[in-house]
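**Q** Quick note, the sequences are listed as chains A and B, same order. Residue 222 in full-length UniProt numbering sits at position 222 of the first sequence, and the numbers go up by one each step. Residue 7 in full-length UniProt numbering sits at position 7 of the second sequence, and the numbers go up by one each step.
None of these hints come from the bench; they were simulated from the model. Take these hints with a grain of salt, some might be off.
Said to hold, decoys possible - Partial list, derived from the structure: chain A residues whose beta carbon lies under 8 Å from chain B:
| no. | residue |
| --- | --- |
| 1 | Pro-122 |
| 2 | Ser-123 |
| 3 | Ser-132 |
| 4 | Ile-136 |
| 5 | Tyr-210 |
| 6 | Gly-214 |
| 7 | Ile-220 |
| 8 | Pro-222 |
| 9 | Thr-245 |
| 10 | Ser-246 |
| 11 | Leu-255 |
Everything numeric in this text was worked out from a predicted model, so none of it was measured. All C-beta atoms in this analysis are idealised placements derived from N, C-alpha and C, irrespective of residue type, glycine included.
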Amino acid sequence: MKIETLWITLRKRPSYMLGAVILLGFAVMAIVGPMLYPHGIPSNPNELYAPPSWQHPLGTDYAGRGVLAQILVGSRYVLEVAALAALFTMVVGVVLGLLSGYLGGVVDVVLMRLTDFILTVPSYPLLIIIASVVSISGPVPMALLLTLNSWGGMARAIRSQVLSLKQQDYIEAARSLELGPAHIAFREILPMMMPYILMHLILAVTSAVYGEVGLFFLGIVPIQSTNWGVMLNFAYSEAGAIYSTSSVFYLMAPLAAIILLQMGAVNFTNALDEVFNPQLREG
Amino acid sequence: MIWRRVGLALVMIWMTVTATFFIVRLMPGNPATFELHVLLKRGVSYNMALQHVKTLYGINLHQSLLVQYLQYVGNALHGNFGDSILYPDIPVIHLIGKALPWTVFTVGTALLTSFLIGVSLGTVAAYRRHGWLDRLLTPLAAILNGVPNYLTGTILLFVFGVVLGWLPQNGPYSAAITPNVSLAFLISVLRHAILPIGAYVISQWGSWFLLMKSSTVSTLGTEFIVGARSYGIASSVVMREYVAPNSMLPLFTNLVLSIGFMFGGSVFVETIFSYPGIGYLFSSSVSGRDYPLMQGLFAVLTVAVIISNLVADLLYVKLDPRISLEDAA
Numbered sequence: 001m002k003i004e005t006l007w008i009t010l011r012k013r014p015s016y017m018l019g020a021v022i023l024l025g026f027a028v029m030a031i032v033g034p035m036l037y038p039h040g041i042p043s044n045p046n047e048l049y050a051p052p053s054w055q056h057p058l059g060t061d062y063a064g065r066g067v068l069a070q071i072l073v074g075s076r077y078v079l080e081v082a083a084l085a086a087l088f089t090m091v092v093g094v095v096l097g098l099l100s101g102y103l104g105g106v107v108d109v110v111l112m113r114l115t116d117f118i119l120t121v122p123s124y125p126l127l128i129i130i131a132s133v134v135s136i137s138g139p140v141p142m143a144l145l146l147t148l149n150s151w152g153g154m155a156r157a158i159r160s161q162v163l164s165l166k167q168q169d170y171i172e173a174a175r176s177l178e179l180g181p182a183h184i185a186f187r188e189i190l191p192m193m194m195p196y197i198l199m200h201l202i203l204a205v206t207s208a209v210y211g212e213v214g215l216f217f218l219g220i221v222p223i224q225s226t227n228w229g230v231m232l233n234f235a236y237s238e239a240g241a242i243y244s245t246s247s248v249f250y251l252m253a254p255l256a257a258i259i260l261l262q263m264g265a266v267n268f269t270n271a272l273d274e275v276f277n278p279q280l281r282e283g
Numbered sequence: 001m002i003w004r005r006v007g008l009a010l011v012m013i014w015m016t017v018t019a020t021f022f023i024v025r026l027m028p029g030n031p032a033t034f035e036l037h038v039l040l041k042r043g044v045s046y047n048m049a050l051q052h053v054k055t056l057y058g059i060n061l062h063q064s065l066l067v068q069y070l071q072y073v074g075n076a077l078h079g080n081f082g083d084s085i086l087y088p089d090i091p092v093i094h095l096i097g098k099a100l101p102w103t104v105f106t107v108g109t110a111l112l113t114s115f116l117i118g119v120s121l122g123t124v125a126a127y128r129r130h131g132w133l134d135r136l137l138t139p140l141a142a143i144l145n146g147v148p149n150y151l152t153g154t155i156l157l158f159v160f161g162v163v164l165g166w167l168p169q170n171g172p173y174s175a176a177i178t179p180n181v182s183l184a185f186l187i188s189v190l191r192h193a194i195l196p197i198g199a200y201v202i203s204q205w206g207s208w209f210l211l212m213k214s215s216t217v218s219t220l221g222t223e224f225i226v227g228a229r230s231y232g233i234a235s236s237v238v239m240r241e242y243v244a245p246n247s248m249l250p251l252f253t254n255l256v257l258s259i260g261f262m263f264g265g266s267v268f269v270e271t272i273f274s275y276p277g278i279g280y281l282f283s284s285s286v287s288g289r290d291y292p293l294m295q296g297l298f299a300v301l302t303v304a305v306i307i308s309n310l311v312a313d314l315l316y317v318k319l320d321p322r323i324s325l326e327d328a329a
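Throw the hints in and build the complete structure from the sequences for me.
**A** Pasting the structure below:
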């Protein structure tokens, strides 16, 4: 993929550009956000549930902490975990999908039964049970937990891609050149699937955000720092903010952040789709 | 072939029961041993403590793991998952039985509603591609599709329950009404169910809409539709009798698969609205560290999903004669 092609496509539609800008914005937020408050977010007991002001553009929470500050600071953990989870999901899904689709036979049967099983088990209850018995700390274990929930769909999708690519002539040619299964799987088939993988990587990030925020929201994962899910959890449990109209910004800010992220991801994937599948281009 | 599918389902059920056993039994600091130590520290005699743990978890700690496992499986087959800790002396299976109807009611209604909305709007959008409805709904559906239901639930609760105060905030029915067969009770139940159902529907309809739209677009391009039209069959009849049934076929598998997904998702919605279904029971069992209840709920949920998947596979073959069970597998 050429950066130029992407740029040209992005400029074609405002919605594409919007998607790219939103995702870029979130990335910058995750990197810079916590640096803005090196000593934590100051709380001010005289300003509980303050309405928006210059100092607190989204008002304050039940402890007088700025809502916007919490969104900014919380973004790093949320997005770091989501990015890791998406990456793990891709690696596990791609490797298992490739093995299953390319090798076939017993490997395929075993892997697909396993995939069926993981796709069948109600995913959130499984995550919740595991999170309640194993103590999760740090972004990597959290990301691994979320991966457990998401690799199945990816493996299934990759496998069916491999099955159709396997039939193509150039793979036949590679096989007749005796290039070996590892070469064919990783050097011939995998590159053809990269566009597909890349697009699903972005969508995997958003679904990891949902799962992660959901777990914090239910209060199952030990809370270490502020993040969007913790904000939601506190809005229900600590402060009962949900039942008070004055908390509108505290409650809605994390939700708005999630919806905005989803909007960015959807629009940007649409743009990528157009880059990778030129026949979709209209006019 | 049918027996093979049934056999697979049974294997999956067995795997689930096994997994729930080992999750609780083998995890570091597993709750059964933990409980035993707590009781011993309190000065309870070892035999008494063992007996207590046994009734709680259905686990005999002094027996070998294999014996414990076989006993657990035997009990689970009889629907016996021990007694709840959170609700003392009530068998887990009774709690589940009491909660299940609420979840089946809300999740079932929500599933059908979102399916009908998605399918009808999707058909319109496919027929009038690039029309105003299509241009409005397609991006909306793409954004809402997959938005978690705790998000829609929170917004609905806040807007309609708190700010506007139009609908009740939580519970299955008004506390002032005793459950009986009366109109007042029925209305109360329905009013309390609107927001939870709405939370599911808003986060679900988008995926039905997008699936139906793309499926209808490809059906419209097939030759038998062109043929039907060229016979002079009225276009409304073509839509109802030819296009819609064929476009809906691929959605059917997803419909049944999403039953499992929605039952799982009820954890969030029912927690938000304190709605006394399976999901609420599950989240309270987790926060109360009620492992027998957690185990039982998880097993029942998974078994329900496995059985509905099996039913879906069998039905699908009946619905679409082109598919054989081998393809479905």
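**Q** Regarding the hint that Pro-122 (chain A) lies at the interface with chain B, is the smallest CB-CB distance below 8 Å?
**A** 3 Å, holds
**Q** Does Pro-222 (chain A) pass the interface check with chain B, least Cβ-Cβ distance below 8 Å?
**A** 13 Å, violated
**Q** Is the interface hint for Ser-246 (chain A) satisfied, with its Cβ closer than 8 Å to some Cβ of chain B?
**A** Violated, because the Cβ-Cβ distance from Ser-246 (chain A) to chain B comes to roughly 10 Å (cut-off 8 Å).
**Q** With a cut-off of 8 Å, does the beta carbon of Ile-136 (chain A) approach a beta carbon of chain B closely enough for the hint to hold?
**A** 13 Å, violated
**Q** Should the hint that Ser-123 (chain A) touches chain B count as held when the rule is a Cβ pair under 8 Å?
**A** Ser-123 (chain A) check passes; min Cβ-Cβ to chain B is 6 Å, inside 8 Å.
**Q** Does the CB of Gly-214 (chain A) sit less than 8 Å away from some CB of chain B?
**A** 6 Å, holds
**Q** With chain B as the partner, please determine if Tyr-210 (chain A) meets the hint condition of a C-beta pair closer than 8 Å.
**A** The hint holds - Tyr-210 (chain A) has a Cβ within 8 Å of chain B, the shortest such distance being about 4 Å.
**Q** Does Thr-245 (chain A) hold up as a contact with chain B if the rule is Cβ-Cβ below 8 Å?
**A** Holds - the Cβ of Thr-245 (chain A) comes within 8 Å of chain B, reaching about 5 Å at its closest.
**Q** With 8 Å as the cut and Cβ atoms as the points, is Ser-132 (chain A) at the interface with chain B?
**A** 5 Å, holds
**Q** With 8 Å as the cut and Cβ atoms as the points, is Ile-220 (chain A) at the interface with chain B?
**A** 6 Å, holds
**Q** So, as I understand it, the hint says Leu-255 (chain A) touches chain B; can you test that by seeing if any CB pair is closer than 8 Å?
**A** OK, holds: Leu-255 (chain A) within 8 Å of chain B, min 5 Å.
Hints 4, 8 and 10, counting from the list given before, are not met by this structure.
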